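J.: If you want the building blocks of each chain, they are given just below.
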Amino acid sequence: MKTVVARFEITFLQVLDEQGVLKTSLPAFAKDKHALIELYRTMVLTRAFDKKAISLQRTGKMGTYAPVNSQEAVATAMGHAMRPEDVLVPYYRDYAAQIQRGVKMSDILAYWGGDERGSDFDATSNASEDFPLCVPIASQCQHAAGVAFAFQYRNEPRVAVVCLGDGGTSEGDFYEAMNVASLWKLPVVFVVNNNQWAISVPLSNQTATQTIAQKAIAAGMNGVQVDGNDVIATRQIIGEAIEQARAGEGPTLVEAITYRLSDHTTADDATRYQPPHEVQDAETREPISRLKLFLENQHDWNEEQDQALHQAVKHEVDQAVEIYLNRKPQAIESAFDYHYAETPAALLEQRAEAMEEAKHV
Amino acid sequence: MSNITLLEAVTQALAYELNHDENIVVFGEDVGKNGGVFRATAGLQKRFGERRVFDSPLAESMIAGLAIGMSAQGLKPVAEFQFMGFIYPAMNQIISHAARLRNRTRGRLHCPLVFRAPFGGGIHAPEHHSESTEALFAHIPGLQVVIPSSPKRAYGLLLAAMRNPDPVIFLEPKRIYRLVKQPVPDDGKALPLGTCFTLKTGEDVTLISWGASMHETMQAAAALEEEGISCEVIDVASIKPLDMNTILTSVEKTGRAVIIHEAAKSGGVGAEISAQIMENSLDALLAPVQRVTGYDVTMPYFELEKYYLPSVLRIKQSVLSIMA
Amino acid sequence: MTIFNLPDLGEGLPDAEIHEWFVKVGDEVTVDQPLVSMETAKAVVDVPCPEAGIIEKLYGKPGDIIQTGAPLVAFVEQKEQAAEDQGTVVGKLEENAHAADDDFIIGSASPNATRVKTTPAARLKAKRLNIDLKTISGTGENNLITLDDIQQAAAKQSIPPEGFEPLRGVRRAMLSSMVQSHQTVVPVSIFDEADVSAWMGKDDITVRIIRAICNAAKHEPALNAWFDTEHSARKCFNEVHLGLAMDNADGLFVPVIHDAQTQSDQALREQINAFKISVQDRTVPAEQLKGSTITLSNFGKFSGRFASPIIVPPSVAILAVGRLYEGVKSCDGTISSCHLLPLSLSFDHRAVTGGEATRFLGAVIESLK
Numbered sequence: 088m089k090t091v092v093a094r095f096e097i098t099f100l101q102v103l104d105e106q107g108v109l110k111t112s113l114p115a116f117a118k119d120k121h122a123l124i125e126l127y128r129t130m131v132l133t134r135a136f137d138k139k140a141i142s143l144q145r146t147g148k149m150g151t152y153a154p155v156n157s158q159e160a161v162a163t164a165m166g167h168a169m170r171p172e173d174v175l176v177p178y179y180r181d182y183a184a185q186i187q188r189g190v191k192m193s194d195i196l197a198y199w200g201g202d203e204r205g206s207d208f209d210a211t212s213n214a215s216e217d218f219p220l221c222v223p224i225a226s227q228c229q230h231a232a233g234v235a236f237a238f239q240y241r242n243e244p245r246v247a248v249v250c251l252g253d254g255g256t257s258e259g260d261f262y263e264a265m266n267v268a269s270l271w272k273l274p275v276v277f278v279v280n281n282n283q284w285a286i287s288v289p290l291s292n293q294t295a296t297q298t299i300a301q302k303a304i305a306a307g308m309n310g311v312q313v314d315g316n317d318v319i320a321t322r323q324i325i326g327e328a329i330e331q332a333r334a335g336e337g338p339t340l341v342e343a344i345t346y347r348l349s350d351h352t353t354a355d356d357a358t359r360y361q362p363p364h365e366v367q368d369a370e371t372r373e374p375i376s377r378l379k380l381f382l383e384n385q386h387d388w389n390e391e392q393d394q395a396l397h398q399a400v401k402h403e404v405d406q407a408v409e410i411y412l413n414r415k416p417q418a419i420e421s422a423f424d425y426h427y428a429e430t431p432a433a434l435l436e437q438r439a440e441a442m443e444e445a446k447h448v
Numbered sequence: 050m051s052n053i054t055l056l057e058a059v060t061q062a063l064a065y066e067l068n069h070d071e072n073i074v075v076f077g078e079d080v081g082k083n084g085g086v087f088r089a090t091a092g093l094q095k096r097f098g099e100r101r102v103f104d105s106p107l108a109e110s111m112i113a114g115l116a117i118g119m120s121a122q123g124l125k126p127v128a129e130f131q132f133m134g135f136i137y138p139a140m141n142q143i144i145s146h147a148a149r150l151r152n153r154t155r156g157r158l159h160c161p162l163v164f165r166a167p168f169g170g171g172i173h174a175p176e177h178h179s180e181s182t183e184a185l186f187a188h189i190p191g192l193q194v195v196i197p198s199s200p201k202r203a204y205g206l207l208l209a210a211m212r213n214p215d216p217v218i219f220l221e222p223k224r225i226y227r228l229v230k231q232p233v234p235d236d237g238k239a240l241p242l243g244t245c246f247t248l249k250t251g252e253d254v255t256l257i258s259w260g261a262s263m264h265e266t267m268q269a270a271a272a273l274e275e276e277g278i279s280c281e282v283i284d285v286a287s288i289k290p291l292d293m294n295t296i297l298t299s300v301e302k303t304g305r306a307v308i309i310h311e312a313a314k315s316g317g318v319g320a321e322i323s324a325q326i327m328e329n330s331l332d333a334l335l336a337p338v339q340r341v342t343g344y345d346v347t348m349p350y351f352e353l354e355k356y357y358l359p360s361v362l363r364i365k366q367s368v369l370s371i372m373a
Numbered sequence: 033m034t035i036f037n038l039p040d041l042g043e044g045l046p047d048a049e050i051h052e053w054f055v056k057v058g059d060e061v062t063v064d065q066p067l068v069s070m071e072t073a074k075a076v077v078d079v080p081c082p083e084a085g086i087i088e089k090l091y092g093k094p095g096d097i098i099q100t101g102a103p104l105v106a107f108v109e110q111k112e113q114a115a116e117d118q119g120t121v122v123g124k125l126e127e128n129a130h131a132a133d134d135d136f137i138i139g140s141a142s143p144n145a146t147r148v149k150t151t152p153a154a155r156l157k158a159k160r161l162n163i164d165l166k167t168i169s170g171t172g173e174n175n176l177i178t179l180d181d182i183q184q185a186a187a188k189q190s191i192p193p194e195g196f197e198p199l200r201g202v203r204r205a206m207l208s209s210m211v212q213s214h215q216t217v218v219p220v221s222i223f224d225e226a227d228v229s230a231w232m233g234k235d236d237i238t239v240r241i242i243r244a245i246c247n248a249a250k251h252e253p254a255l256n257a258w259f260d261t262e263h264s265a266r267k268c269f270n271e272v273h274l275g276l277a278m279d280n281a282d283g284l285f286v287p288v289i290h291d292a293q294t295q296s297d298q299a300l301r302e303q304i305n306a307f308k309i310s311v312q313d314r315t316v317p318a319e320q321l322k323g324s325t326i327t328l329s330n331f332g333k334f335s336g337r338f339a340s341p342i343i344v345p346p347s348v349a350i351l352a353v354g355r356l357y358e359g360v361k362s363c364d365g366t367i368s369s370c371h372l373l374p375l376s377l378s379f380d381h382r383a384v385t386g387g388e389a390t391r392f393l394g395a396v397i398e399s400l401k
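Residue numbers (our numbering), protein chains in the order written: chain A, 88 to 448; chain B, 50 to 373; chain C, 33 to 401.
Only chain A is shown next, with the shape it has when bound in the complex (with noise of 0.2 Å):
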């Protein structure tokens, strides 16, 4: 007779429901009404800031473009749950994350204006040490284990949080890192952007698990489910987990259900291939407007307030545009600049013929 060796549960957790009401208790961060405008502002301020992009790209002054609309409360909630010493391992969709840890909106723009000083984060901020946008799906989840190793191995209490989309857990790659980083019990956590689409392909078509939460199980380690749009309920996991692997207790993979309400970069064309209906009803639950809603039943947030911050929101976005406008184009020396500590010989040779055949393009 065969007995039972090991069962598995995954957990889902919503404090917020589409309504703004709570469904739970509220954890003790959210009490805190400052706590919970600074998380509605960073919001605010990245979809400010996703719009602006977008029309920065439509117009001709930006390159192809990854939008974050409608999933603003996961990275918000990366951030603010994040400390000074962490360090992020972004994929593309994190700019709220970026943000709040000193990542200048200009910047973003140059990453994707085709200007590679975008991703030379200011040293004085606290994402001196983070990783760039990363584009090869989940290759970034290694070098979150990485960082961790290294935290580990220095006795420091930091932790590298890492994030990826529904396809990317599709990767070997991460597989590979929550194998690693479970078995040695490393401070990283995988949080999972699941917004249902890898561009074309929804999440049924993607794995055949229930959930991506579980897929933490087959590596030993813990997963759980959030409502993504929730960003009390996303905030208090991945506060948690973060807190935990600090702790020494190991990695944690937060599955953060969202969807995706943009198409997948700005050169792309959803309405080929998401059901309408589908978008109509994403639309009802998106993040904004149910902390709104609770700011003003909790916390007489009111018009003029909010008013007032769309528009403080709007000038940074603007200065930010500008910066990213004016900002001086690199010289082809760039190029030749950043391949080794120092420019082997037979490269300068390439790099002076590169400078004079510049002078005739």
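Incorrect hints may appear among the rest.
Said to hold, decoys possible - Which chain B residues face chain A? A few, computed with CB under 8 Å, are given here:
no.: 1; residue: F76
no.: 2; residue: D79
no.: 3; residue: A108
no.: 4; residue: H173
no.: 5; residue: Y350
no.: 6; residue: E352
no.: 7; residue: L362
In case anyone wonders, no lab produced these hints; they're calculated from the structure. The model shown is predicted, which means the values in this text are computed figures rather than measured ones. Beta carbons: idealized from backbone N, C-alpha and C, even for Gly.
Given chain A, work out where chains B and C should sit, using these hints.
T.: Just chains B and C now, kept in the frame of chain A:
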């Protein structure tokens, strides 16, 4: 018969073969309903069904490995890597297995597969989307590497690749995906692999290139013609195996060769061609073989892209420097 | 398309008149860019653009009245901007409206050109053996010319037809030097005689001729020179390194008396004798056969008066002396017999003028009187 782009020629070839060979299956990321991020597989799933044309989960190593298993069984997978920049996770499968299955089973098992990928830069894309590392594959015994440069050649060469009993890496230069339209009869006629194409005959210098750089090379040839320099232009097309006979016959006629490729200079395929010209036709050369290539740097982000890609001017200058 | 209605321009105004458009259909516009100026009852107001996009339609012309809240301008829907599906997730693909067919040749433009297929070793061997690869048919795979093919061709080439004996050694060297001279030198020969009656039988003929040459070279150094074909340059020498043509059973040798102009008669005679022996024995060292600036050929031992001797580059002159004979001369109508030495001077007209040559020969004749 309408004029079609290189991209549409790819679709046309895939459709032809799907229609005539039930062993052909087309798969990759977003190739099904979405028709591919460049629409290379547009309409194919609708026409041939999900069993023949389907999306795979997001995992490049898996795509390559799966294709190897499928093809060893006699299916003929045509798998797409969304961009050459994302083929790297599949290198182990391609090099350790696809390239050597025939050899290590002494012919008992082999891999009639095609790996397609858009490659090359110049389209204002984010990082990793402009790779031109065909030399990595050209170096591997057992692989074939094909790069079309026109709609007609894309059609004929892709058909040949799909009918070939061994692995073919089919790299599509995305910069010229939609640049040119041509009449391409859908007659199912393949062009030969392992053969160069002579696009223009000339007497004074042989220009050798492939992919999107063919465009600048032909422009340079036209400009030089006006200055009284007659260029013979060769589209290598099959990077591996190389048709050196066509190249050497031409160089022995003209006495001068300029090789143009977008990929970085060191270890680029131009070095191989140059070495073989030197070994075989040194007596015929009136000047050293020249290479006009990308620099030995990571493809810059698109702000600096225009300085990196071999331009018409650089090609012209290279020719003029050896005409004295 | 997205329609933008005329906003309330101030305090509930019901309408406004289009004063002036700042955009036209098809324009690409940006946020806040001035679209149109509208004249209200109170003022002329600029209406800014609400969104970035392309103008699709203008709902009126200057002078028309537009109601507040009624359509003013329409923008092309963002996703409709492309005539067809953009079809990419990154970047911009350039498109061309025009068709451009291309003709191409599969393979080489000269398919009948025969490229020699051979290995590097065979190629080198063929070069060394002076074998034209195009004349060889290869027996290797794909008609590849192998090393064996080259060896065989060489063996065949080196067997002359029946009865012929291939030239070897010195004779072979003479063959190649004569060919080379013929190919490059522009020879002219002048013939004359010297009257040696005064000293015939008393002095050493060869030594006196050598002296005469040295003397003439002092007057006309142009004939005691080397010519460099490649650089079209010549070098005249002060010293005379006299090449003395001698032969033995094997062939022609030209040992060199260096600095002949400094040597005593006895020294010259000794050297000449020494050369005779060493040439006979074939012991003359290679060093002695190099460096002559002018050559003397005493060919007339058995027969022959005049000749057109071959100049061997880099020298530009050679003096050939024919058979001494007892001849007849006429002087003021009086006929008398005398001993005459026929002289033939060949010179390379690329480097030496007729004047120089005749004066040289004249000087030689003078010295031999």
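J.: Hints first: check each against the structure and report whether it holds.
T.: Results for each hint:
no. : hint : verdict
1   : F76  : violated, 12 Å
2   : D79  : holds, 5 Å
3   : A108 : holds, 5 Å
4   : H173 : holds, 5 Å
5   : Y350 : holds, 4 Å
6   : E352 : holds, 4 Å
7   : L362 : holds, 6 Å
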